[in-house]
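Undergrad: Residue numbers (the UniProt record's numbering), protein chains in the order written: chain A, 1 to 174; chain B, 1 to 174.
To be clear, the hints were calculated from the coordinates, so they are not data collected in a lab.
Honestly, I wouldn't trust all of these hints.
The calculated DSS-like cross-link candidates involving lysine-lysine, where the alpha carbons are at most 27 Å apart (straight line), are [claimed, not checked]:
{"hint": "1", "chain 1": "A", "residue 1": "6", "chain 2": "B", "residue 2": "174"}
{"hint": "2", "chain 1": "B", "residue 1": "110", "chain 2": "B", "residue 2": "71"}
{"hint": "3", "chain 1": "A", "residue 1": "174", "chain 2": "B", "residue 2": "131"}
{"hint": "4", "chain 1": "B", "residue 1": "131", "chain 2": "B", "residue 2": "110"}
{"hint": "5", "chain 1": "B", "residue 1": "174", "chain 2": "A", "residue 2": "174"}
Treat the numbers as computed from the prediction; the structure is a model and nothing was measured.
Number of protein chains: 2
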Amino acid sequence: MNFNLKEAIEVLERTPQSLSYFLTGLSEGWLRCNEGDETWNAIEVVEHLIEGEKNNWIQRLELILSDGSNKTFPPYDRFAHLNNEINVPLEEKLQEFSILRAQNISKLKKLVTPEQHLELLGTHPVFGSVKLREVISTWVAHDLTHIAQIIRVMAKRYGTDVGPWIEYLSILKK
Amino acid sequence: MNFNLKEAIEVLERTPQSLSYFLTGLSEGWLRCNEGDETWNAIEVVEHLIEGEKNNWIQRLELILSDGSNKTFPPYDRFAHLNNEINVPLEEKLQEFSILRAQNISKLKKLVTPEQHLELLGTHPVFGSVKLREVISTWVAHDLTHIAQIIRVMAKRYGTDVGPWIEYLSILKK
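Next up, chain A with everything else stripped away, as it sits in the complex (with noise of 0.2 Å):
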């Protein structure tokens, strides 16, 4: 086991400002660009990560650390951004999820006590019981998965505009 909170509140409270830094500036060509069809552009994955802030992670950290005896993870809809408001420009959205990320550490840092907390026990409604810890751990690993989605996204825009590098520059081939 590699994880440690407190490692995983380093990335979690770098990730919003990392990519507000990024990304803000950037010309719609690199902000729209996606990898097809039913994929996500760089935009869409800041709205993914808002929705997790508002509707996913402390969410099920509250209810393993409940008294209820029901520890069922509601049904998270990993698609519902989808659905926003798109006419909110992209700093507004990047400043909204590092608002929401600041509270949620926060929240994270007086819930969880790692000495008590780390191996209790919910339910996920596809996997079974899942650990804390692993719930954290899994939070972090998300950030990470969409960053290097977001950056993937934009090199696949320069796939044939490398020319024969392409042979050297594997992300392009993903």
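With chain A fixed as given, assemble chain B onto it according to the hints.
TA: Relative to the frame of chain A, chain B by itself:
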């Protein structure tokens, strides 16, 4: 073709600061993890990006734009950074990368007039004839490849920790 110089520079100028924000202050566990023997950790990737600023991208563009008749790129050692001084703190390396990148973007803007230069040719020792715009496109895609690499390496550190969620996180299986 998606390449245009202004948009390419948008990415090139964001990479150092984004990496600085993301990596500065991370625990050694995040900074030193890799994908096994002969693979790079985040610090080694930053060193590799520095090497490219010193000895690759601008030199190739200058050669293409030079008056000489031989425009064959000199060999470039992609592993040169692995012999570097290892006791320099990461913050100093990130600072060096930022300074070199800013200088090189400044040179790029002075060197290249898009209307005149994008189709000019150089000779790659393996690929043969390559266009100036392909060199710049590759510089951008190379940044994105290595940002994605850092993110992927870090994500895989939690490959076991996420428990059953590995099914949903394809980055962990790469």
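Undergrad: Please go over all the hints and tell whether each is borne out by the structure.
TA: Verification of the hints:
no.	hint	verdict
1	6(A) x 174(B)	holds (26 Å)
2	110(B) x 71(B)	holds (20 Å)
3	174(A) x 131(B)	holds (24 Å)
4	131(B) x 110(B)	holds (18 Å)
5	174(B) x 174(A)	holds (10 Å)
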